[in-house]
Amino acid sequence: MTGVLELQTLQITQGQTRVVALDVTIAPGEVLTIMGPSGSGKSTALAAMMGTLAPAFRTTGRVILAGRDITTLPPHLRRVGLLFQDDVLFPHLSVGANLAFALPPAVKGRSARRAQVDAALDQAGLSGFAARDPATLSGGQRARVALMRTLLARPCALLLDEPFSRLDAGLRAQIRSFVLSRIRQEGLPAVLVTHDPEDAQAAGGRVVTPLGTPVTL
Amino acid sequence: MIMGGPLRWAPRLTLALLVVPVAAGLLGTLIPAFANDAKGFRALLDWPGLSPAVWLSLTTGVAATALSLAVTLLLVASLWGTRIFALIQHLLAPLLSVPHAAAALGLAFLIAPSGWIARLLSPWATGWTQPPDLLILNDPYGLSLTLGLVTKEVPFLFLMALAALPQADVARRMNVAQSLGAGRIAAFVISVLPSLYSQLRLPVYAVLAYSMTAVEMAMILGPTRPATLSGQVVIWMADPMLTGRATAAAGAVLQLAVVIAALLAWVLAERIAGLALIRLAENGLRAHALDALARLVAVLTGTATAAALILGLAGLAVWSVAGLWQFPDALPDTLSLKTWMRAAPDLASTGGLTLMIAVAATALSLALVLACLEAEHRFALSPGAGALWVLYLPLLVPQVAFLPGLQIAALRSGVEGHWLAVATAHLVFVLPYVFLSLAPAWRAWDPRISVAGLSLGATPARVFWRLRLPMLLRPVLTAAAVGLAVSVGQYLPTLLIGGGRVETLTTEAVALSSGGNRRLIGTYALLQMVLPALGFALALLVPAVLFRNRRGMAVSA
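From first to last, the protein sequence lines are chains A and B.
Mapping of the first sequence onto the working numbering: position 41 corresponds to residue 41, and the numbering continues sequentially without gaps.
Mapping of the second sequence onto the working numbering: position 402 corresponds to residue 402, and the numbering continues sequentially without gaps.
Because the hints were derived from the structure by calculation, they are not lab data.
Don't take every hint at face value.
[Stated by the list, open to error] 25 Å max Cα-Cα, derived SDA-like pairs, lysine to any residue:
| no. | chain 1 | residue 1 | chain 2 | residue 2 |
| --- | --- | --- | --- | --- |
| 1 | A | 108 | B | 39 |
| 2 | B | 338 | B | 517 |
| 3 | A | 108 | B | 338 |
| 4 | A | 108 | A | 40 |
| 5 | B | 338 | B | 327 |
| 6 | B | 338 | B | 321 |
| 7 | A | 108 | A | 86 |
| 8 | B | 39 | B | 63 |
| 9 | A | 108 | B | 327 |
| 10 | B | 39 | B | 317 |
| 11 | A | 108 | A | 140 |
| 12 | A | 108 | A | 118 |
| 13 | B | 338 | B | 371 |
| 14 | A | 108 | B | 462 |
| 15 | A | 108 | B | 464 |
[Unchecked claim] Which chain A residues face chain B? A few, computed with CB under 10 Å, are given here:
| no. | residue |
| --- | --- |
| 16 | 50 |
| 17 | 96 |
| 18 | 101 |
| 19 | 155 |
| 20 | 170 |
| 21 | 171 |
| 22 | 174 |
| 23 | 175 |
[Said to hold, decoys possible] Chain A regions said to be covered by chain B (calculated; three or more residues, Cβ under 8 Å):
| no. | segment |
| --- | --- |
| 24 | 32-38 |
| 25 | 52-60 |
| 26 | 109-116 |
Note that this is a predicted model, so its numbers are computed, not measured.
In this text, a Cβ means the ideal position worked out from N, Cα and C, and glycines have one as well.
Please put together the full structure from these sequences, using the hints given.
Below is the structure:
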């Protein structure tokens, strides 16, 4: 399940401009933070790892995850989980169905799938929320559902696209420590994109710009 | 993955389905028109009604288009952002779903010498105790035809304007222009109209081409001696002698040429109007005095347009249940369901066939449109301006110019007269409307939902079926209802490809219109209107029930 995430001389150019240049290995449970002002190529780096980069970009180098070269794989075969700035819960599905959507097809049988969904809700402190409309949840609850949904898909790596920036100050530290502790527990290599030094500090790993320059906080 | 191959071809297949019938049909019209030393053209030129018929096609078509565009722009300019504007938006879908034939029949009941307006004014104002002998319907100038066209085209252009407005940045531009001292109308004309019109251009051309060549409206409301050119072409086509066919083909070719000439003239007028607009802007147009007047005219004409349609349909409904109803009485003496009971078996079979054709054409159109839009999303295709022109092709080329040729092809291949052939012909007209209706909502869908689904390991197909389609159920069903309405309203394709043997509510209603059994006409026209209305009702109801416990799926805006 777990393994290292390697970005081998990953370079992305748009026209004549180089926007991403990363050459780094991220260990299981480690969080690499990419920091920089908006428009600096942070999201482009994530899109390249996710496999959703627009054709206008040119990419060289390789992305290796747990020994598999995923550089050219379509997004749904990469086993790379993603948390957005917003929770991006599916509005037409209940909380339970949102989680069940992420369960791999290998988990067979209604009761087995239900049990995994309930277990995930328990771990997030949301026992009994399966039938709820996601729109009726608080911001913190939605953020936790989004993380559990991502983890239920059994990703081999986790990408975090400024996932705490929309939360208010009190909630922010709480959700951040919840997410980071889950990453360590699951032993996932993770990449955090942020412009907030506090996030970077809490992540506790290396901090670089999209062009690979180390950042001192 | 499995869908990957065929899906990539969906846009090309769809465009071919629109281009091939139009091109083949045109060819099939051109050949008989020029065959035998252009005998058809000689017969056409010998017809004494030719120049008045061409003239009528031009005057009614251009007048209806100019009036519809003027009313639409006036409504948008003077009412944008007001409560009335929101009210119009709600009224729009039902008004749009009324088939042309039903609208024309309703209007005929309203303005005829024995119609509602005359009844309401008689005898106290007019002194009439008998319906006056006035040629209001089928008037030789095509005035009632023009009026009928306007009542149907204003809702269409208004809808197209609504779709284009978000890209015209109305609020900010109007604010800036008004803060610089311009009146509301002046601000709209100078700052919004140019970008709004550039997006309205294709719909306006479609309205012009349609208005010049509308057959069923012309048969119900238009002049008869001579008829409009398109009306006469259809009369010739029904001629059992084969000589009529060549004349019809020649007439169709002439009609196409007249439409092209009118479109070119319209484009020229656009250029001149554009230059005039720049001059007005440079001269610092303020025109504050215009605002109150424009608003009044907008409200009056908008109300008159909607009222003509709604009252006409109400008239149809009343006639269908009328017992004895003598002339100056505003309402019938007695009400009875006798007409409905007597017509019920025919209505049921005709309505059933109409629905079957509409469902087949709509389902296939919807599948193709969804495949196109999904291919556009998955393969990051960006359709060019050419694709949009192709989409509009069946709406720009007059039906009367290519359907006769298509009929010959249908005859030769032996599919003429089969309801599936009729449904296929409907597809050519249904598909563009389904696409135009669905594409904006489909393209506005939050792409992060798709990325989220893929990152969870879902295949693109699963993202489509489980996330995108259900989330967009409301616009998908609305587009289906639009498609249903378009199919139900088709007259000429049904008549020609059906070879007169496929009877739908529309062909029956038009056929009855020359008779004068108002009660029976009422039942057919009413049912013709009820089918699309049911479609729109379902499109509202089904998502509301399915997502009643999902606040995130509530209608926004």
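Query raised in the report: Of the hints stated earlier, which fail here?
Result: 1, 3, 4, 7, 8, 9, 10, 11, 13, 17, 20, 21, 22, 23, 24, 26
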